[in-house]
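Trainee: Residues per chain are reported as follows:
Protein chains: 2
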Amino acid sequence: MASSVKKSAVTTRDAEATKGRILDAAEEEFAKGGLLGARTEAIAANIGVTKSMIFYHFGDKEGLYQAVLERAIALRIRSIQKIDIHSIEPKDAMRALVGAFIDDIVVNQNLPAIFFYEGIQNKGKYYGQIAIESIYRPFVEVIERGIKSGQFRKCDPLHVSVNIMGMCVFYFCHHENVKHLWPAGTDLLSKDMRAQHRSEAVEQVVASLLA
Amino acid sequence: MASSVKKSAVTTRDAEATKGRILDAAEEEFAKGGLLGARTEAIAANIGVTKSMIFYHFGDKEGLYQAVLERAIALRIRSIQKIDIHSIEPKDAMRALVGAFIDDIVVNQNLPAIFFYEGIQNKGKYYGQIAIESIYRPFVEVIERGIKSGQFRKCDPLHVSVNIMGMCVFYFCHHENVKHLWPAGTDLLSKDMRAQHRSEAVEQVVASLLA
DNA sequence: GTCTATAACCTGATAGAC
DNA sequence: GTCTATCAGGTTATAGAC
Numbered sequence: 001m002a003s004s005v006k007k008s009a010v011t012t013r014d015a016e017a018t019k020g021r022i023l024d025a026a027e028e029e030f031a032k033g034g035l036l037g038a039r040t041e042a043i044a045a046n047i048g049v050t051k052s053m054i055f056y057h058f059g060d061k062e063g064l065y066q067a068v069l070e071r072a073i074a075l076r077i078r079s080i081q082k083i084d085i086h087s088i089e090p091k092d093a094m095r096a097l098v099g100a101f102i103d104d105i106v107v108n109q110n111l112p113a114i115f116f117y118e119g120i121q122n123k124g125k126y127y128g129q130i131a132i133e134s135i136y137r138p139f140v141e142v143i144e145r146g147i148k149s150g151q152f153r154k155c156d157p158l159h160v161s162v163n164i165m166g167m168c169v170f171y172f173c174h175h176e177n178v179k180h181l182w183p184a185g186t187d188l189l190s191k192d193m194r195a196q197h198r199s200e201a202v203e204q205v206v207a208s209l210l211a
Numbered sequence: 001m002a003s004s005v006k007k008s009a010v011t012t013r014d015a016e017a018t019k020g021r022i023l024d025a026a027e028e029e030f031a032k033g034g035l036l037g038a039r040t041e042a043i044a045a046n047i048g049v050t051k052s053m054i055f056y057h058f059g060d061k062e063g064l065y066q067a068v069l070e071r072a073i074a075l076r077i078r079s080i081q082k083i084d085i086h087s088i089e090p091k092d093a094m095r096a097l098v099g100a101f102i103d104d105i106v107v108n109q110n111l112p113a114i115f116f117y118e119g120i121q122n123k124g125k126y127y128g129q130i131a132i133e134s135i136y137r138p139f140v141e142v143i144e145r146g147i148k149s150g151q152f153r154k155c156d157p158l159h160v161s162v163n164i165m166g167m168c169v170f171y172f173c174h175h176e177n178v179k180h181l182w183p184a185g186t187d188l189l190s191k192d193m194r195a196q197h198r199s200e201a202v203e204q205v206v207a208s209l210l211a
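So the sequence lines, in the order shown, correspond to chains D and G. Quick note on our numbering: the first sequence kicks off at 1 and runs consecutively. Quick note on our numbering: the second sequence kicks off at 1 and runs consecutively.
Hints listed in this document are in silico derivations from the structure and should not be mistaken for laboratory results. Possibly wrong hints are sitting among the right ones.
[What the hints assert, rightly or not] SDA-like mimics (lysine to any residue), calculated; alpha carbons at most 20 Å apart, straight line:
#, chain 1, residue 1, chain 2, residue 2
1, G, K32, D, L36
2, G, K123, D, P183
3, G, K123, D, A184
4, G, K32, D, Y126
5, D, K123, G, L181
6, G, K91, G, R153
7, D, K82, D, R145
8, G, K123, D, N108
9, D, K123, G, G37
10, G, K125, D, P183
11, D, K154, G, W182
12, D, K125, G, G37
[Claimed, not checked] Derived CB-CB ranges, DEER-like:
#, chain 1, residue 1, chain 2, residue 2, range
13, G, K148, D, D92, 27 to 35 Å
14, G, A100, D, E89, 35 to 43 Å
15, G, K51, D, Q151, 56 to 64 Å
16, G, A15, D, L75, 47 to 55 Å
17, G, S190, D, R137, 20 to 28 Å
18, G, D14, D, L75, 47 to 55 Å
19, D, T12, G, A17, 55 to 63 Å
20, D, H86, G, T186, 22 to 30 Å
21, D, I88, G, S190, 34 to 42 Å
22, D, D192, G, E70, 29 to 37 Å
23, G, G185, D, R78, 24 to 32 Å
24, D, Q196, G, I77, 25 to 33 Å
25, G, V107, D, A100, 31 to 39 Å
26, G, S52, D, D192, 47 to 55 Å
Glycine included, C-beta positions come from ideal geometry on N, C-alpha and C.
Please take these sequences and the hints and turn them into a complete structure.
Mentor: Now the structure itself:
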């Protein structure tokens, strides 16, 4: 979505296009500083428009933030709900869920930071119960089914689901901190390293569940 | 450390005491907004002193931030290095490491957010290679030993160590987001819930490693 | 729809009294 | 060592021209 924001100073006069470009740039800026730290000036400058456009199209900074969050939540819910978790055995269903979840992050690396900021700075105010349940329920259901069938070890499905998310996203949020563990110059977000993280995380999640 | 900052408007005239109180209050404020989002005014007001004290004792906001981070890093390194990971078998060493790690967070719940902010906002600038290696190396070594002895499954010790940290801290960073998964009114940071997270996380980490 | 100019406010940092 | 007063720069948001 916002992986490469196009810089253009051309006066487009296309409302929907401008709104979309603002959303992309805002997502990146909110991922860096959250609602509190984001600067409307920086968002506007990045796509070659003036601050006024933000207030014209989204009312205020908070309105823009809500729009960004809603889009991000919708994306997450959509791709997780695509997966048919009931017709395959728990182990494979979990593999599919975690894989799809990490694929989403790889496409849009702003997501983990945005949701972290939302929890810390805004106490989940703009997140909402329905969004959380839509995202976590598939994981919880697969774990419950796995325990019942004896394929998974006994555990608390809620805690374990939350920890699974942690395994998936921590790497993306802390890559600048932990980069020193790898040889100097290694780019933890390169295609190879991302693929390696995906593979290791999927295997570790499955292993953490098996009886 | 800063779990309960004492509010006191008494003019103490004790430099070390004041510095300590500023550090505690600053840690809490930096945990909420990072170096960028923290407000010196808020830090000062919380302990009943004026902003000037911050600049007198720490030079500038960045100096205060560095002092907070150094103290937090020292705490982490100290408690992890206390554990003798070589004289017990890998599974038990990992159990001890993860347990101690989460115990630190339970005592000072600001730590996970501070290190997250450091990675996202400052790109790990104030973290440093030595700190990261001191914290992660024990985990990596235990995993390597476990793989060699055949007790642990084959995996990449670096990626898996990073994911383990994610399992430990995600719960604390996202408790405001995921609280809706539990019955309304449940306090995810209550003593019982913290103990439950600790127990579930330790078991899940060990399970994620076993062959 | 988009821009320029500006209002109203906030924040880090300094100077100087006590 | 601590406080009060204040400045300079930055930030959200609005008004009005085009």
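Trainee: Hint check: K82 of chain D vs R145 of chain D, CA-CA at most 20 Å. Holds or violated?
Mentor: holds (19 Å)
Trainee: Take a quick look at whether K91 of chain G and R153 of chain G sit within 20 Å of each other, Cα to Cα.
Mentor: The given pair, whose Cα atoms are some 12 Å apart, holds under the 20 Å limit.
Trainee: Do K51 of chain G and Q151 of chain D keep their Cβ atoms within the hinted range of 56 to 64 Å?
Mentor: Given about 59 Å between the Cβ atoms, the range holds.
Trainee: Using the Cβ atoms, figure out if A15 of chain G sits within 47 to 55 Å of L75 of chain D.
Mentor: holds (52 Å)
Trainee: When you check the alpha-carbon spacing of K123 of chain G and A184 of chain D, does it fall within 20 Å?
Mentor: Between K123 of chain G and A184 of chain D the Cα gap is close to 15 Å, so the pair holds against 20 Å.
Trainee: Does N108 of chain D sit within 20 Å of K123 of chain G, going by the straight-line distance between their CA atoms?
Mentor: It holds: about 19 Å lies between the C-alpha atoms, which stays within 20 Å.
Trainee: Determine whether the Cβ-Cβ distance between K148 of chain G and D92 of chain D falls within the hinted range of 27 to 35 Å.
Mentor: holds (30 Å)
Trainee: Does K123 of chain G pair with P183 of chain D here, judged by a C-alpha cut-off of 20 Å?
Mentor: Roughly 17 Å separates the two Cα atoms, so the pair holds.
Trainee: Should the hint that T12 of chain D and A17 of chain G are 55 to 63 Å apart at their CB atoms be regarded as holding?
Mentor: The hint (55 to 63 Å, Cβ to Cβ) holds, given that T12 of chain D and A17 of chain G are roughly 59 Å apart.
Trainee: Assess, step by step, whether the Cα of K32 of chain G is no farther than 20 Å from the Cα of L36 of chain D, and give holds or violated.
Mentor: holds (10 Å)
Trainee: Can you let me know if the beta-carbon spacing of V107 of chain G and A100 of chain D is within 31 to 39 Å?
Mentor: holds (37 Å)
Trainee: Does the Cβ-Cβ separation between S52 of chain G and D192 of chain D fall within 47 to 55 Å?
Mentor: holds (51 Å)
In this structure, none of the earlier numbered hints is contradicted; all agree with it.
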